[in-house]
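Respectively, the protein sequence lines represent chains B and C.
Going by this note's numbering, the final residue of the first sequence carries number 427, and the count climbs one at a time with no gaps.
Going by this note's numbering, the final residue of the second sequence carries number 423, and the count climbs one at a time with no gaps.
Keep in mind that a hint or two might mislead.
Claimed, not checked - Label-pair restraints from in silico Cβ distances:
id	chain 1	residue 1	chain 2	residue 2	range
1	C	Leu342	B	Val411	18 to 28 Å
2	B	Asn402	C	Lys326	38 to 48 Å
3	C	Pro226	B	Glu414	16 to 26 Å
4	C	Glu221	B	Glu413	47 to 57 Å
5	B	Leu365	C	Ser266	49 to 59 Å
Stated by the list, open to error - Computed, partial: chain C to chain B, Cβ under 7 Å:
id	residue
6	Ala124
7	Gly132
8	Lys317
9	Asn351
These are calculated hints, taken from the structure and not from any lab test.
Note that the coordinates shown come from a computational prediction; the quantities given were computed from them, not determined experimentally.
Here a beta-carbon is modelled for each residue, glycine too, at the ideal position from N, C-alpha and C.
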Amino acid sequence: MKVLVRIGGGSKEVDVGGSENIAAVLNLLEINPETVLVSKNGVFVPDDDVVEEGEELTVIGVVSGG
Amino acid sequence: MTMLCDRCLHQAVIYQRYSGVHLCREHFVRDVERRIKKDTRKMVEGGDRIAVALSGGKDSTLLLYVLSEIFEKRRDIEILAITIDEGIRGYREHTIRVAKNMTKNLGIEHIITPFRDRYDTTLDELVRTSDVGPCTLCGVLRRGALNWTAKEASADKIATGHNLDDEAQTVLMNYLRGDVKRLFRQKRRDDFIPRIKPLKDIPEKEVALYGFIKGLDVDLHECPYATQALRSEMRELINDYEVKHPGTKYALVRGFEEISNIITYPEVQLSRCKICGEPTSNDVCMACLLSANGSRENNTHKSKLRPTSQC
């Protein structure tokens, strides 16, 4: 199953295999869900939200400051 | 399948694993504001003039926004904002612009104190000439400048935007370093204007989500000097634990709060810095030692410096 992932100004189509939800996709991308917000098709979603073929995810890092 | 809010069955925007609850936009916003209000009411008294330390980053921006909402109708409580301009070229200009817009939109008094005015130098200049790390330099000098500016502005309390992640990282860092003195300084700051941390129960991720939902100018840039290895390690470690064991961040902070309520740590006797008059445990405060003001002084105190927990 393929989804489009936008992250850090770029985007790529990712084969997420049988990943069922966003947390699993983040795990595949080696991203800790505590450090990001994810929107699906433009709407913020929880990381246990189910992902389906062809959907578009935007990953926004939330660690900032200094 | 779309996850639904446990309270109203609208589409959820977050799953709070530590509480096992899905929340929609509206209930998430209410939940964050309820927690901030609950904590803030314990920290603030009638007649207080509260200085919000406003860097222009996401945490302090949200803090100013929520405090201005909470106290909008309280005529006995005043809010002002203080921005410390450390002089970090290519980074601070943007956040200062965010801070200016925010205070203008909310109609809140805004004071900007450049390091240059207070210390006759900038962080960029100090980093080039000092053998002390940038986060340590910045932590000491920013704390001094903030305290000084708040006193000049007759503030009763300083509100900072430290969130749950910041607090958990600081507690664990100080435990791992065995730095009991610094650990307890988290709670008590003798002779300084009292500090309050209204966001201390809100995870960093939720601060960002609240900011986006409310349409605040959420600045997610990281300071170019923010490379402090130990804090980054703590962040990674705690976030890994939080995923495996939801509630770890709260447990760390609550555990420390319980210990600090039981234990009385010996008071440190403070005198006044002979250069600037600010409270210090030495003849000259660290801020003066590290800045141009203290360049003529004996620098042996520098050896007492440990990496700051501010960044």
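Would you list, in rising numerical order, the hints stated earlier that this structure does not obey? 1, 2, 3, 7
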